[in-house]
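Start from the sequences, fold in the hints, and give me the full structure.
Residue numbers (this note's numbering): 180 to 400.
Since the hints were derived computationally from the structure, they do not count as laboratory data.
Check the hints yourself; a few may be wrong.
Between beta-carbon pairs, the in silico distance windows are [to be verified]:
| no. | residue 1 | residue 2 | range |
| --- | --- | --- | --- |
| 1 | R383 | E310 | 19 to 29 Å |
| 2 | L368 | L388 | 42 to 52 Å |
| 3 | V195 | A269 | 19 to 29 Å |
Ideal placement from N, C-alpha and C gives every residue a C-beta, glycine not left out.
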Amino acid sequence: MFWQIILGIWMSAVIVASFLYMPSTQGLGEMGRIIVYHVPAAWIAVAAYLMAMLNSLGYLRQNKLQLDRQAQINAELGTVFCLLATVTGAIWSRGAWGQYWNWDPRQTSITVLLMIYAAYFVLRSAIPDAERRARLAAVYAILAFLTVPFLVFIAPRVYVSLHPDLINVQNRSFAMDRKMLVVFLASLLGFTGLYAWMYNVQLRLENLLAAAAMKRREYDG
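Right, dumping it as structure tokens:
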């Protein structure tokens, strides 16, 4: 409960700072403030998908269903944050380009990414046997993550895109002023804490459901 309160206070402070401390973005005005939520959500989505892949590798090595549950949770959270990045990106697009959606390379690539992970959940729901489901889902999660670097980092830079880059590769620095950088980093830390909290809650729930299912099988047997 203590860390939940701290997280709530932290995120509240980030929201307030994004309006009162951070200056408006040149060319976007007030709409540019959404960047400090859009980018952290996208980064956490990538991190969660990475964890799902690592959990899946662990399952194939150790054959423990606990690791399969962790992979599923991370894939779910990755998709939640990916959807959040998509929605906030569409709102930003409306302010910057006049349309919520215009199939910019970044919008296209994130749509493909969501479809890839949607297929992961379809695969899981189609296989009733737990061990077979875990094995096939693990292989799929590993292969799915191989597309993430291309879709998130490479494709939007290979093709002509109107989407701005917050990282200046040549100078190895963030392309934002100091106040915006402070709020951005605080938001990234807050989103990381939010992800960790959601993961722990979901993991406890999945473990309880797994224990209840095991008790039910023992009782029926």
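Status of each hint after checking the structure:
Between R383 and E310 the Cβ separation comes to about 23 Å, which falls inside the hinted range of 19 to 29 Å. Between L368 and L388, the C-beta spacing of about 31 Å breaks the proposed range 42 to 52 Å. A beta carbon spacing of about 24 Å between V195 and A269 agrees with the range 19 to 29 Å that was offered as a hint.
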